[in-house]
Amino acid sequence: MIVKTFNKIYDTDIGYSFFNSKIAIISSSIFFIIFLCSLFAGIVAPYNPFDPASVSLMDAFTPPIWSDGGSVSFFLGTDQQGRDMFSTMIYGSRISLIVGFSSIIFAMILGVFLGVTSGYIGGRYEIIIMRITDVQLTIPTILMALLVDGIARGIISRSMHDEMAIYVLIFAIGISEWPQFARVTRASTLVEKNKEYVSASRIIGLSNIIIMFKHILPNILRPILVIATIGLALAIITESTLSFLGVGVPPTTPSLGTLIRFGNNFLFSGEWWITFFPAIFLVVLALSINLLGDWMRDALNPKLKKR
Amino acid sequence: MIIVAFVSFSLFNFVGDPVNSMTGEDASDERRAEVREVLGLNDPVYVQFTRFVGNIVQGNFGISYQLKREVSDLIGERLPATLELVFVSALLAIITGVILGVYTGIHRESFVSNVILVVSLAGVSLPTFIIGIMLIYLFSVILGVLPSFGRGEVTDLGFWTTGFLTISGLKALILPSITLSLFQMTYVIRLVRAEMMEILQTDYIKFARARGIKNHIINYKHALKNGLIPVITITGINIGTLIAFSIITETVFQWPGMGSLFINAVYFVDIPIMSAYMIMVAFIFVMINFIVDITYYFIDPRIRLKEETN
Numbered sequence: 001m002i003v004k005t006f007n008k009i010y011d012t013d014i015g016y017s018f019f020n021s022k023i024a025i026i027s028s029s030i031f032f033i034i035f036l037c038s039l040f041a042g043i044v045a046p047y048n049p050f051d052p053a054s055v056s057l058m059d060a061f062t063p064p065i066w067s068d069g070g071s072v073s074f075f076l077g078t079d080q081q082g083r084d085m086f087s088t089m090i091y092g093s094r095i096s097l098i099v100g101f102s103s104i105i106f107a108m109i110l111g112v113f114l115g116v117t118s119g120y121i122g123g124r125y126e127i128i129i130m131r132i133t134d135v136q137l138t139i140p141t142i143l144m145a146l147l148v149d150g151i152a153r154g155i156i157s158r159s160m161h162d163e164m165a166i167y168v169l170i171f172a173i174g175i176s177e178w179p180q181f182a183r184v185t186r187a188s189t190l191v192e193k194n195k196e197y198v199s200a201s202r203i204i205g206l207s208n209i210i211i212m213f214k215h216i217l218p219n220i221l222r223p224i225l226v227i228a229t230i231g232l233a234l235a236i237i238t239e240s241t242l243s244f245l246g247v248g249v250p251p252t253t254p255s256l257g258t259l260i261r262f263g264n265n266f267l268f269s270g271e272w273w274i275t276f277f278p279a280i281f282l283v284v285l286a287l288s289i290n291l292l293g294d295w296m297r298d299a300l301n302p303k304l305k306k307r
Numbered sequence: 001m002i003i004v005a006f007v008s009f010s011l012f013n014f015v016g017d018p019v020n021s022m023t024g025e026d027a028s029d030e031r032r033a034e035v036r037e038v039l040g041l042n043d044p045v046y047v048q049f050t051r052f053v054g055n056i057v058q059g060n061f062g063i064s065y066q067l068k069r070e071v072s073d074l075i076g077e078r079l080p081a082t083l084e085l086v087f088v089s090a091l092l093a094i095i096t097g098v099i100l101g102v103y104t105g106i107h108r109e110s111f112v113s114n115v116i117l118v119v120s121l122a123g124v125s126l127p128t129f130i131i132g133i134m135l136i137y138l139f140s141v142i143l144g145v146l147p148s149f150g151r152g153e154v155t156d157l158g159f160w161t162t163g164f165l166t167i168s169g170l171k172a173l174i175l176p177s178i179t180l181s182l183f184q185m186t187y188v189i190r191l192v193r194a195e196m197m198e199i200l201q202t203d204y205i206k207f208a209r210a211r212g213i214k215n216h217i218i219n220y221k222h223a224l225k226n227g228l229i230p231v232i233t234i235t236g237i238n239i240g241t242l243i244a245f246s247i248i249t250e251t252v253f254q255w256p257g258m259g260s261l262f263i264n265a266v267y268f269v270d271i272p273i274m275s276a277y278m279i280m281v282a283f284i285f286v287m288i289n290f291i292v293d294i295t296y297y298f299i300d301p302r303i304r305l306k307e308e309t310n
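Residue numbers (this note's numbering), protein chains in the order written: chain A, 1 to 307; chain B, 1 to 310.
Calculated directly from the structure, the hints in this document are not laboratory data.
A quick note: this is a predicted structure, and the numbers were derived from the prediction, not measured.
A portion of the hints provided could be inaccurate.
Some but not every residue of chain A turned toward chain B, in silico, with C-beta under 10 angstroms [claimed, not checked]:
| no. | residue |
| --- | --- |
| 1 | Ile-30 |
| 2 | Ile-129 |
| 3 | Ile-142 |
| 4 | Arg-153 |
| 5 | Ala-233 |
| 6 | Leu-245 |
| 7 | Thr-275 |
| 8 | Phe-276 |
| 9 | Leu-287 |
All residues carry an ideal CB built from backbone N, CA and C; glycine is no exception.
All chains should be modelled from the sequences, with the hints used to inform the complete structure.
Listed below in structure tokens is the structure:
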């Protein structure tokens, strides 16, 4: 049964291209390992860094296992509070991935909705939406996210802020990335709009909403998927940057960016591993998603297919 | 611009209570009313908005809630640092980017080109702050040759403080500007490379070759000149990005510029600074677009000819 499904997948175009691309296989397996680790953080991580009982200040600043003074129980060393680096990283990547995924889904829903409707309806509505995306695309993502974050900090009272921080962050990153989706979706919708099946469904009297989301949307999913993958890498980097700047997730639930920020304070006293490992982890994560996105862009683009 | 002004005005008005953050929670009601009157918060909204815009035109952005100082003073203090940083890194990015781009465009298959391209790919994937931290670790902690924070000694020219004139100032500039320019550089390299590869295929280059013009003259005088137009556009747009990314670089290197001012403002919900920063950035964006358009006119004779025939 499993073999059969596997063969079926292997026989498709995308499956073939996937299994014949070393980069795609390597990067996707790295990504899925990280993904699974963070999903089952409670099982994979040897310690729970948020459980005060398991943390001992006596263990603080233990270097990694291969340098002098390294301990077998903490193979990547510990941070300033004696938390195991490996466990904190796994839990940190969980926060990073949650924020990354949620914000990209938020951006996707918003962008795709506005893109499809503006492409299909057209007129003044389309002009307004596209003007907004134009303006927003000139503002760098990070600046936009910072502004939204800052405004949210003003609106939400300080005591509430730590609880709300993660939602604010998702909103801020999502709102700064939706124009990409809107653009691509609109462009593809404009192409699909004039095809015969759309005219046919219009003639048989289907409502516009059904035509837009049930008939056009499935046909334009490929470019959206590509944008979403590359956007996920960007969202994760943006999240860690904001957390690094100290305006992201609260320090009680550190993401990779927060860990790097803490570690940065100890760089000069020689405890390089506190900042180095989360940084490498983040880079590997972002790079693997980026490479996956690159492969996907080529594989899903019929024009680039090698004959 | 007006939209930005309006948004930042609404920020001023509706976000948080400035009176609270200025007087503290336990101030008396009379004191509050007094502050309210001084800030003009009792006037109707349209009066406030007109005054707001009028003040901005005169360069008056209000008083920082947190630092209790004129925002325009603060910005005047910080702006030179950021502009110097952005200027140096833009220069660095363009010069190195164009040189490497031309090289990889001409010697397409060589080993060095491939190395440059792989490194530039890594440059895109690495977040700016990680590059900064790694440079600090390498050059300040391990080698100990370059300072890791601040601007070094600065010379005060009255309205402008510069780090260009002292050795420590220049030294302090090296790491932040490399950090900031790296991302930009990779863009320029890729763009110039693509342009060069395309242009070297065109007929006029083949013709120039047939005429027996020396290779390096063709490459630099004929091909590069035409390839530079998109580079100018992208660089223009990206100077805005540089300013945004200077927020990160300034935080990593504790560079006393606009970016660190802004990030502190976000942290302490200091609305006047935030809105002033927004207006400044919007202004710079508009200016850059304007300058880019003008540069086209001087660089591309086709645009000039079209105007004249009209």
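Hint check results:
no.	hint	result
1	Ile-30	violated (13 angstroms)
2	Ile-129	violated (16 angstroms)
3	Ile-142	holds (6 angstroms)
4	Arg-153	holds (5 angstroms)
5	Ala-233	holds (8 angstroms)
6	Leu-245	holds (5 angstroms)
7	Thr-275	holds (6 angstroms)
8	Phe-276	holds (8 angstroms)
9	Leu-287	holds (5 angstroms)
Consistency note: the structure conflicts with the earlier hints numbered 1 and 2.
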